[in-house]
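A.B. asks: Spelled out from the first residue to the last, the chains are:
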Amino acid sequence: DGGITQSPKYLFRKEGQNVTLSCEQNLNHDAMYWYRQDPGQGLRLIYYSQIVNDFQKGDIAEGYSVSREKKESFPLTVTSAQKNPTAFYLCASTSRGRNSPLHFGNGTRLTVT
Amino acid sequence: EDQVTQSPEALRLQEGESSSLNCSYTVSGLRGLFWYRQDPGKGPEFLFTLYSAGEEKEKERLKATLTKKESFLHITAPKPEDSATYLCAVSGSNDYKLSFGAGTTVTVRA
Numbered sequence: 097d098g099g100i101t102q103s104p105k106y107l108f109r110k111e112g113q114n115v116t117l118s119c120e121q122n123l124n125h126d127a128m129y130w131y132r133q134d135p136g137q138g139l140r141l142i143y144y145s146q147i148v149n150d151f152q153k154g155d156i157a158e159g160y161s162v163s164r165e166k167k168e169s170f171p172l173t174v175t176s177a178q179k180n181p182t183a184f185y186l187c188a189s190t191s192r193g194r195n196s197p198l199h200f201g202n203g204t205r206l207t208v209t
Numbered sequence: 054e055d056q057v058t059q060s061p062e063a064l065r066l067q068e069g070e071s072s073s074l075n076c077s078y079t080v081s082g083l084r085g086l087f088w089y090r091q092d093p094g095k096g097p098e099f100l101f102t103l104y105s106a107g108e109e110k111e112k113e114r115l116k117a118t119l120t121k122k123e124s125f126l127h128i129t130a131p132k133p134e135d136s137a138t139y140l141c142a143v144s145g146s147n148d149y150k151l152s153f154g155a156g157t158t159v160t161v162r163a
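From first to last, the protein sequence lines are chains S and H. The opening position of the first sequence corresponds to residue 97 in the working numbering, with each subsequent residue numbered one higher. The opening position of the second sequence corresponds to residue 54 in the working numbering, with each subsequent residue numbered one higher.
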């Protein structure tokens, strides 16, 4: 079955540590996205990539970094510079056709203490 | 900047009690309005895309409609398995970015 796999499902880290969230897709989609979801707020875009070796900042990129070395993979690093990293992180992908819907993974819940 | 507001924040329904969710939007050049369903601890699942005012789409007990300023998601004779958070999103002039509302959490009691 085609889909998006995010790992791990739950992640716990101490404050000051960098952490990398994995996102892999086998849908042959060109574009991939990272969103952050907090209670009572809409999904907020962190980074997106429309093609391998290229990515753009979203609305809340500070304290995060990404890479897109392979079409299938778009890992997100939450750095110690992110002031409020505890959240539910969602990875998504889509084909490049106009208005193609996003397909989401099942998320990683990151807790930083 | 694109904006999406969903109401109500939460909706509690009795099984069989039909109701509607609202999604109001402000966008420069609407390219598409999307509805998603999200279960607790899971990623959103795509339901519908609407492109122009007057368009309607249906899937089982769900029907989505679109005007120039808002969209409605109608739930007809809901069942407990329809309990979820429903998210609305719009795609505007930058069609590689979606702007999401905060969602409406629907609880259907048997």
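Worth flagging that the hints you see were computed from the coordinates, not collected in a lab. Each residue gets a CB set at the ideal place from its N, CA and C atoms; glycine is no exception. Take the hints with a grain of salt, since some may be wrong.
Counterexamples of contact, computed for chain S against chain H with all Cβ distances above 12 Å [what the hints assert, rightly or not]:
1. Ser-118
2. Asn-122
3. Asp-134
Reference excerpt, derived from the structure (chain S facing chain H, CB under 8 Å, subset only) [as the list claims (entries may be wrong)]:
4. Ser-103
5. Pro-104
6. Gly-112
7. Leu-139
8. Ala-157
9. Leu-186
A.B. asks: Output the numbers, in ascending order, of every earlier hint that fails for this structure.
C.D. replies: Result: hints 3, 4, 5, 6 and 8 break, sorted rising.
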